[in-house]
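Colleague: Guided by the hints, dock chain H onto chain Z, whose structure is given.
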Amino acid sequence: MNTGLNRTRWEPYVWLLPSLLLISIFVVFPILIVFKLSFSEISKAGVIGGFVGFDNYVEAVHLPAFKTVMLNTLWWVLSVVLLSTLLGFIIAMVLNQKFRGRKIARSILVFPWATSLVIQASVWNYIIKYEYGNLNNVLLNLGIIQQAINWRSSYQIEFVWECWVGIFVTVPFVTFCVLSGLQSIDDSLYEAAIVDGAGFWDKLRHVTLPMVRPSLTVSTVLNIIYVFNSFPIVYTMTKGAPAHKTDTMITYLYMLSFYERKKGPATALSVIGFLILCLCAGIYMVSVMRKEEQL
Amino acid sequence: MRFPEVKQQNRKMLILFLAGLILTLILMSLPLYSFDVGVFTKKSANTFVGDEKYQTVREEVEGVAEEYRAQGFDVEIQENVLERVNSKGKTTSLITFTVNQRYSKNLFSFLGKGFPSSTVLAAILGLMALALILEAAGLAGTDDLLPRYLDKRTARLRSAAVAALILALLLVPVFILMNNVIFFRKLSLYSAGLITEGKEAFYAKLDNFFFDGQMGENAEEVFSGLKINTSPMLWLMAATLFIALAAAISLRHGEIKSSLLRGALYVFVVIVCLITLYPYYVMTITAFRSNAETLDMYFLHMAPTKWLWSNLTDIVQRGVPRYLLNSLFVAGGATALAMLCGIPAAYAMARMNFVGKKAFLGFVIMSQMFSPVVLLIGISQLMNTLHLNNTLWGLMLINAAFNQAFAIWLLRGTFVSISSEMEQAALIDGCGTVGALMKVLLPMAAPGIVTALIFVFINAWNEYTIATILISTAQNRPITVGITQFSSFNMIEWQYMFAASLLATIPVVILFMSIEKHLTAGLTSGGVKG
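Sequence lines, in order, name chains Z and H.
For the first sequence, our numbering assigns the number -3 to the initial residue and increments by one for each residue that follows.
For the second sequence, our numbering assigns the number -9 to the initial residue and increments by one for each residue that follows.
There's no promise every hint is true.
The list that follows gives simulated cross-link-like pairs (lysine-lysine, DSSO-like), each with its CA atoms no further than 30 Å apart [what the hints assert, rightly or not]: (1) Z:Lys94 - H:Lys142; (2) Z:Lys32 - H:Lys348; (3) Z:Lys99 - Z:Lys32.
No lab work stands behind these hints, which were simulated from the structure alone.
So that you can see chain Z by itself, here it is in the shape it has in the complex (with noise of 0.2 Å):
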C-alpha cells in the first residue's frame, strides 16, 4: 500500500532512521562488544589485551559452579514457565466467564505485572522469614500452623520459592494473553460443539484449545525468553547463595563480572546465554511471521 503522492525512494528509511540508531547505538553495539571482548584476554582490573581464541570459553565452561548453574536456570526456565503457563490458562478460562465482580477480578490480576520485580521479590523475601515472616505470623495467628516454619531450611527450598515469585508475576501475563484469545472465539463456535453433543473437554479440545493456541504459542515463548532474563528475583532474595548453588545464569554471569572480577569467563558466558537466545527468538520469529501471514 504506498498512500504518498510524491514519496521519494529512500523516504521510508528517513523515517526509520531514528529508531534504527537507538536500537543500532544502544542494543546492538553491545552485542558486538561482548562478541569482540569473548575472544579477548581481560585482566582483573578491566585491561583488555589481544586475542585468545575460545580460552575464555574453555576457562567459563570449566568454572566449578557451571553445571550446576546450567542446570538451574534450566529447572528456573522450565518450572516457572510450565506452571505459570497451567495457571494462567485456567485462570484466563475462569475469567472468561460471565459473572459480577469480573472486572474487578481482573484489575486484580493486573497487579503483580505492574509492579517492579524488585520489590515484588522483597516483599516476598519478607513474607518467608523464619524468625519474624509474615507468612508465619499469618499461619500462626490463624491456627493453620501450631510452630513456626523455617521456610528457607535449605538452598533447594530457597530456589523453590524463587520459582514461586517467578509464577507470581509471570501468570498474569499467561492469562492476558489467553484472555485475549479467548474472547476472539465466536461463541456460535460453542453452540455449534453443544448441538454436536460435546461435553467440557470436547470443548476444551476441539474449540477452545486451537483456537487460543496462537496466543499461547506467543505467551510462552516470550515468556521462556524473559524468565531466561530475569534477574531480580534471584538476585534479591539469594544472590545466588550458597556458592552460587541457586544462581541462575543470568545473576551468576553479573556476579562473575561485578563481583568476581573474571570479565574473560563472563563475557563468554554471555555470548553462551546470546546464542541460547537467539534460538528462541528465531523460533519467536517464525511463529510471529507465521501468524503475520494468517492475518
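Modeller: For chain H alone, coordinates are given in the frame of chain Z:
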C-alpha cells in the same frame, strides 16, 4: 398449580433448608471443644522410665488422679519425658507427670464469655435466625411458581436470606480460627513469658469460662498446661450450614447445580485474588509498622497496632523523593524518546512499502529478546566510552532503546487498524506527510498511543537491572535501586523499604489498570511484558 413438580421441588428445598439449620444447631450443642487443664503436676529429676523412683512417683500421681476420679472428675495422666546428654556425657532425665482434667464444651458455652470469638458466634446465630425469618416471610406465594417468576418482594426477601446465610457460613472458619488464636497462640506466648500485654485480663476470662472465676490468683498456674482439642465435627457443622445455604439458593434461583458451580467459581476467583493481593497486604501493613514490630516474632495482629504515618516522613529524610524524581525523569524521558523514534518508524511500517521491511521488523523483534543482563558487559563498556556511566541520561537512553520494539509493534498495530483515506484526503488538500500524520492520524490513534506510552513508562519505571549496573552514586538512584538501600548486611529497615515500595507501586498499578483493556487487545499481536 401449573407446575406441580416445581411445587414439589420448592417444598423439598424448604425442608432441606430447615433441616440444615436445625442440624447445625444440634451440632453446636454437642461437645465440640474439649480442654485439658492440668490440676496436678509432679516433676521428678534423674528418673528413668521403669526404674524404682519412677514407680513410686507414678503411684503417687495415680493416687492423686484416683482422688479426683472419686469426686467425679474426668481426669487423665500425662507423662512427659525429657532426656538430655550433659557435658560430661552422662544422660540425665526429667519426667513430668500431669494430671489433666478434661472439660468438654459445646459452642453455646462460648456465648457471653467476652472472647472475641463469642461475638462472632453470636453473629453466626443471629444471622441464621435472620435467614430463617426472611425465608419464612418470603414463604407466601412461592409454592406453585417457578423460582425465576417470583414476585419482587419474595425474591428480595429470599436474596437477603441467602446473603445472611453466606455471611454466617463465612463466619464459621473465622470463629474456629479466632478460638485457636486465643487458646494456642496467646496462651503459649503468655506462659512462655514472651508477651505480657493483656495477660491478666486474658487469664481472668479463661477462669470465668472454666471455673466461674473461682481460681482467681491461681489461674495462671492452672492454665499454664491448658490444651485444646477441636473436634472435626466443627467442620461438619460448616458443611450442614452449607447445605442449608444451597437449599436457600435454589429456592431463590431454581437450579442447584448451576448455583453450586457458580459458588465454586467465586471461591476460585476469591482465592486467586487473595493470593495475588497477599504481598500487597504485607507491603502495606509493614510500611506502617514500627521497626520493632516488623521484627517481632510474636506479632499477634493482622494489622499494625499503631499506624505509623511517620514512616512516610522518615523516608522523605532518607532521599526517597529524590529517587522518585530520578525515576520520573528517566521513565518520562525514555517514554518520550521511545515515542519520538517509534511513531515515525511505526508509521513507515504501516503505510509505506519498501525493500527490507520484513528485515526491519525482524530486527526490531530480535532487539526485544535480549535483556540488558546478557549484554551488561557490553553496555557498561559502551557507557564508559560515551561518558554516560552513572548518569540518568544513560539510563534513559537504554530504557528507550530496549522499549523500542514494543512501542513500534503496538503503534504499528494501531496505525494499520485505521483507514488511510483521511490521510490521503489531507495529502490532497496540500498537507505534507508530516502534516497528515500529526493532524489526522495521531488524534485518531490516540488510545493506542496512550497505551504504548503508559506501558513504556511503566517498564522504565520498574526497571532495576540496568540501574544497579550503571548507577553508583546515591543521588542518581532511581526508586527501584533506592529501596534496596534500606537493606544492608546487618540491618534491614523493612518498614522504610516497604513504605518506599508502596509509593513506587501505587501510581504504576493505577496507570496499568487504565490501559489493561487496550493492552490485552494489542498483546497477542505484539507480545510484550515488563
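Colleague: For each hint, tell me whether it holds in the structure or not.
Modeller: Okay, the hints, checked on the actual structure:
At roughly 24 Å between alpha-carbon atoms, lysine 94 of chain Z and lysine 142 of chain H fall within 30 Å of each other, so this suggested pair holds. Distance restraint check for lysine 32 of chain Z and lysine 348 of chain H: the Cα-Cα separation of roughly 28 Å lies within the 30 Å cut-off, and the hinted pair is therefore satisfied. For the hint linking lysine 99 of chain Z to lysine 32 of chain Z, the alpha-carbon distance of about 51 Å lies beyond 30 Å, and the restraint is violated.
Consistency with the previously given hints fails for number 3 only.
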